[in-house]
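Peer 1: Letter by letter, the chains look like this.
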Amino acid sequence: MERVVTVVPEDGLHARPAAKFVETAGEYEARVTVEPVDESRPAVAADSMLAVTGLGIKGGNSVKLVADGDDAEAVLDALEAVLTETVDESQ
Amino acid sequence: MAKQLTGVGATPRSGVGTVIWYERESTVSADTAQEPSDDPAVEFERFETARNTAIEEVETERDRTRERVGDEEANVFEAHKQFLKDPQIESAVKTAVESGVVAENAVREAFAGPIKQFSAMDGMMAERADDLRDVRDRLIRILRGAERTDLSALPDGSVVFADLLTPSDTAQLSPESIAGVATVKGGRTSHAAIIARSLGIPAVVGVGDDLRTVTEGETVVVDGNGGTIIVGPDREAIKQYEAETTAAVTNSSVTTANSVPIEVAGNLGTPAEAPPAVKAGADGVGLFRTEFLFLDRDAPPTEDEQFEAYYEVCSQFADRCANNDGHVIIRTADIGGDKPIPYLSLDPEENGFLGARGIRLSLEEHTDLFETQLRALLRVAATDVGDSIAVMFPLVSTVEELAAAIDRVERVQTALDAEGVTARVPELGVMIETPGSVFLANAFAKRVDFLSIGTNDLVQYVLAAQRDLDRMDSYQDPLAPAVLRAIDHTTTAAENNDAWVGMCGEMAGDPTLTELLIGLGLSELSMSAVTIPEVKQAVKDTDTAAARELAETVLACETHTEVRAALEMEK
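Chains as they are written, first to last, in the working numbering: chain A, 1 to 91; chain B, 1 to 571.
Among the hints, a few may not be true.
Straight-line C-alpha distance at most 27 Å; calculated DSS-like pairs for lysine-lysine [as the list claims (entries may be wrong)]: (1) B:K116 - A:K58; (2) B:K116 - B:K185; (3) B:K85 - A:K58; (4) B:K116 - B:K85; (5) B:K540 - B:K239; (6) B:K279 - B:K85; (7) A:K64 - B:K279; (8) B:K3 - B:K185.
Hint data in this document are derived by calculation from the structure and do not stem from the laboratory.
Just need the whole structure built from these sequences, with the hints factored in.
Peer 2: Right under this line is the structure:
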């Protein structure tokens, strides 16, 4: 099962959104990979902070999520929510 | 001649102290000796145990930072936690221990690649390399069982010098004891700079290798405004910068340099604000706003409910007031149309800044509310903690209003006596905030025990510039000559009639104006808790004769610019 999501947080998949993304991916049984849509780079494991941060995904970029496992749909929903959450960094 | 080093000012304040070089744990990891291991399984288990400890530490630091600094900085630790749990790191460590190295070296090898990779990337990615180093060094320290340098327990007046401070390092710093921070590397937006700023610690970052020429034990000024470090400052420079450091909390009452007592008190909006004010060294309460009791509810507060709230604040301050001759000044409800109250039908204009509000409402439409409040106040005044209580009326602008309010107090006392309820009329006072009250300050001072100048409203009414209008922002200036003359008129009236006079409002909490205010004749200054220590220090540094001279110079000024110039001269 796969899904393409446009990243909303301005900083992209970085710092807090990245940590949240990785943590969420680790909470499900399904194996999830993430890869940038706009450039050709290999898909990486969504539960690795190093790999996810290393992609350098910026706000406005689209990513393809591929999930394989019983709770694939649930994990994609949860990850999409993380990627489209607007963060208030003004504080 | 003192040596001066330049960097980037990270916190706009300065401090003076003694250099302590903080060597981070990275020096630990500089050691590259390959110790052979006996058992890969044991080494991997050591790694796993260390990782669990590291995660616990990171969570503690995250919570601590969230509490002291804010969510955004706390999130850095969230990222660290995910790096610690990273499966790539885990498998790299596993491979390394299986090749026969000890866990410490396995960790170093596992992080080497990613650190190199991130360092080569630009901007924010490069910052992640610092995060990885921080995480790696934490793991190695735990594996070695090394004691962590305790940055939270440095002697008072320490200036921490370091190559670079990580978020974990900076989060440990205690603003009470640290006089400043300076680093070789780092920029204004580095985590360390942000955290230092939120904690109010003077900081200069990115000084460069020159910083290393300063040795431990030297006295330095950390000037976060100018972004400079002054090494071996002369007495003059120390004095100049010491005035800008965060003053230590003084719990005793203070006097000017020539022994004139000045009460430094706190402004409170709710009873919950009392403990922080006591902690900051407040001698008493110069303004307890009682509106909170009336807002956000469907019915007015009962007499007993109010009694509880006033009793609570008075008991928090009972010891302090007794020792420091302080007061707990409670202002009767200053309600107007700007804050909607469901059980009162108030109109933004009719009850606005120039409408029926404050004492006007208390004397006309809502005498019932006023009487209930007075009953509670007079009862608290007669309790074991009520000695220091004083009551003041807001927005009085005629003698008739004041006379009616005092009359009401006396009638309430008579009624309570008749009911056999223990009560006492405490000291009474008037807020000076309208031009009318300024002109009548003599007449008011004859009738009450004290006057208290509310500068925020005084500015608004004297300059006829509504506080909540953006376009009127430039008028909200307590140093406007018209406002200064109004303050002087008030203090003179109080003095001529043996009343005491205080000030509550933003102006009272500005330590750079303390000398002027004392010169203008104020004997009590009330402010939000945070500025109390600095104002107490400013009081101690003031000489009343010089202060009076300054006030006279300033009162002779006809423009704001001249006032500013006169105050600058004094510095």
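Peer 1: Measure nothing beyond the straight line between the CA atoms of B:K85 and A:K58; if it is 27 Å or shorter, mark the hint as holding.
Peer 2: holds (23 Å)
Peer 1: Given the proposed pairing of B:K116 with B:K185, does the C-alpha separation stay at or below 27 Å?
Peer 2: OK: B:K116 and B:K185 at ~18 Å, within 27 Å.
Peer 1: Need the status of pair A:K64, B:K279: alpha-carbon distance at most 27 Å?
Peer 2: Since the Cα atoms of A:K64 and B:K279 sit roughly 54 Å apart, the hinted pair is violated (cutoff 27 Å).
Peer 1: Take a quick look at whether B:K540 and B:K239 sit within 27 Å of each other, Cα to Cα.
Peer 2: holds (14 Å)
Peer 1: For a C-alpha distance cap of 27 Å, please report whether B:K3 and B:K185 respect it.
Peer 2: It holds: about 20 Å lies between the C-alpha atoms, which stays within 27 Å.
Peer 1: Between B:K279 and B:K85, is the straight-line Cα distance small enough, at 27 Å or below?
Peer 2: violated (41 Å)
Peer 1: Holds or violated: B:K116 with B:K85, Cα cutoff 27 Å?
Peer 2: holds (19 Å)
Peer 1: Take the C-alpha atoms of B:K116 and A:K58, compute the straight-line distance between them, and say whether it is at most 27 Å.
Peer 2: holds (21 Å)
Checked against the numbered hints above, the structure breaks hints 6, 7 and satisfies the rest.
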